[in-house]
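Protein chains: 2
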Amino acid sequence: MYALKVTALAGGVGAARFLTGLSRLIREEELSVIVNTGDDIKLFGLHISPDVDIVTYTLAGIVDEEKGWGIKGDSFRYLDMLKRYNTSSTWFNVGDQDLATHVYRTHRLAQGASLSEVAREVSHSLGLKTKILPMSNDSFETHITTPRGSMHFEEYFVKDQCRDEILNIEFRGASSAKPAPQVLDAILEADRVIVCPSNPIVSIGTILSVNGIRETLQQTAARVTAVSPIVAGMALKGPADKMLQRFGWEVSAYGVAKIYADFLDAFVIDVKDVKEKSRIEKLGIDVLVTNTVMKSLEDKVSLATAVLES
Amino acid sequence: MYALKVTALAGGVGAARFLTGLSRLIREEELSVIVNTGDDIKLFGLHISPDVDIVTYTLAGIVDEEKGWGIKGDSFRYLDMLKRYNTSSTWFNVGDQDLATHVYRTHRLAQGASLSEVAREVSHSLGLKTKILPMSNDSFETHITTPRGSMHFEEYFVKDQCRDEILNIEFRGASSAKPAPQVLDAILEADRVIVCPSNPIVSIGTILSVNGIRETLQQTAARVTAVSPIVAGMALKGPADKMLQRFGWEVSAYGVAKIYADFLDAFVIDVKDVKEKSRIEKLGIDVLVTNTVMKSLEDKVSLATAVLES
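Chains A and B, in that order, are what the protein sequence lines are.
Residues in the first sequence are numbered consecutively from 1, following the working numbering.
Residues in the second sequence are numbered consecutively from 1, following the working numbering.
Honestly, the hints are just simulated from the structure, not real lab data.
Treat the hints loosely; a few may be bogus.
DSS-like mimics (lysine-lysine), calculated; alpha carbons at most 27 Å apart, straight line [said to hold, decoys possible]:
#	chain 1	residue 1	chain 2	residue 2
1	A	Lys83	B	Lys295
2	B	Lys295	B	Lys277
3	A	Lys129	B	Lys83
4	A	Lys67	B	Lys83
These figures come from a predicted structure and were not determined experimentally.
Make the full structure from the sequences, and use the hints.
Have a look at this one:
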């Protein structure tokens with residue numbers, strides 16, 4: 001165990017896998033996770049926070065590990081019934097147990113609670129001591145413009161499975177979104193800040209776009225380390241590679257390092273990308289080369305160890 | 001089959017059982033059911049219409065017949081999970097499939113649809129041609145005052161299982177509640193109006209308290225027949241007997257007949273109550289004596305036949 005206070009910036013599945021390893025190495029209560037809420041979506045009046053739930057379920061040990069989201073062993077009887085009433089907006093896979101989280105969140109928000117308060121209540125109820133911090137309590141939605149029009153990120157990602165060409169990405173609410181309470185403090189007071197291997201544009205990019213977060217990352221005394229989500233020129237999961245390309249970034253670990261260069265102290269890249277090491281170092285960033293592809297729990301713990309040692 | 005246009009006034013389980021029999025005797029599209037919404041309750045932000053759902057599920061053939069409510073074979077994984085987040089307001093038994101109805105209804109109401117529109121959409125989706133008409137689209141809640149204070153009817157009924165003494169019953173919203181569209185027309189245009197064997201105070205009494213419904217029952221040219229919910233001085237189900245007693249009504253078929261006397265043409269009472277026949281007839285009401293206790297489908301069809309012949 002490392003006696004370190006760690007704050008992680010996280011998207012969904014990739015981040016959650018990495019955090020599983022990290023959570024084995026530090027005390028639960030010493031870990032804070034700032035989570036993307038740009039994927040948050042209202043469906044049938046229910047406020048769903050996909051990334052917050054993925055991270056919470058994963059750290060609570062109840063995630064469906066094969067899918068990476070949802071609760072293991074969950075059933076889908078609610079959704080099957082809902083499809084009898086409506087067939088057009090039932091593409092988001094909500095499990096029966098998972099639904100309790102969405103109903104509880106929606107109800108608490110209607111009562112005036114914030115996303116932060118709900119995240120704390122849910123995670124405590126599931127036995128977690130780790131601080132789960134939604135990046136902002138303000139409305140923030142990522143929308144994707146494709147040749148078929150503008151749609152919510154989850155619609156592009158889940159319903160259309162990233163099929164369409166991306167013309168533009170819009171962070172709705174970013175200009176007025178304030179960091180949630182404790183978010184900036186978590187960055188300032190940490191011994192180590194870790195940017196998880198998540199999509200640098202729609203998972204980490206959203207967090208960085210919340211007023212004050214990027215500046216605080218530049219200012220913190222904590223060492224800031226990121227794990228590359230790009231390995232051998234491809235995203236391990238999701239549309240990060242297509243997105244980097246669309247916006248003129250090089251689709252490589254180096255491309256991601258450039259996006260983070262203003263606040264990054266160290267970058268952990270995959271052994272397949274060892275040739276990029278010196279280019280990244282020229283950005284003033286320390287580079288650690290290791291295996292970043294996480295299959296087993298052992299992989300996750302090894303990678304987290306490397307990051308803490310970086 | 002009878003070539004009759006029939007409109008029924010209905011509460012929950014007892015009414016639904018009776019309607020199962022009735023629906024075998026007339027064409028589906030000739031039946032309209034005006035349903036009590038005084039039991040409607042908001043729990044975790046979801047609008048639940050217990051009686052509307054019981055009637056709809058029963059006529060659609062998907063009700064849990066043993067319980068009388070909910071969907072047969074439904075699971076309760078949502079509710080079990082919700083109990084991890086909140087233990088105080090999770091007493092209402094919402095099944096996973098059942099929940100889809102509540103989420104759909106709540107969402108459509110938020111979009112501006114009425115209870116009537118939702119009832120039509122849900123029943124059509126479940127393949128029903130019968131018109132399910134919530135009594136009113138306006139807010140209407142039955143509250144029960146007990147020595148422990150005032151509570152929603154469902155809290156008294158489901159959570160506390162009618163344990164406490166009833167001091168008062170309040171129909172919140174009754175003074176301003178208007179009948180939903182088609183409700184008065186359904187009473188005026190029917191060949192026969194049937195008051196189902198439901199609680200005369202909190203199921204039928206609520207319907208009668210909606211502005212204009214009682215008057216329309218007095219005016220309609222249709223023959224109005226009720227089935228007694230009291231047999232041998234006791235309610236077959238629920239707290240009707242306690243309620244009648246509390247408000248000074250005789251706890252008997254005769255007591256119920258007196259409540260309905262101003263609009264009733266015929267009353268169907270149980271063979272056990274044959275001795276009340278002449279007293280009820282003195283109220284100017286025709287009386288038919290038969291078996292009113294419905295166990296088998298045959299019982300239900302026999303009773304419905306007797307009512308149509310009355």
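Each hint tested on the structure:
1. A:Lys83 x B:Lys295: Measuring from Cα to Cα gives roughly 34 Å; hence the hint is violated.
2. B:Lys295 x B:Lys277: holds, 24 Å
3. A:Lys129 x B:Lys83: Given that 27 Å is the threshold and the Cα spacing comes to 19 Å, the pair holds.
4. A:Lys67 x B:Lys83: Distance ~25 Å between Lys67 (chain A) and Lys83 (chain B) Cα, so the pair holds.
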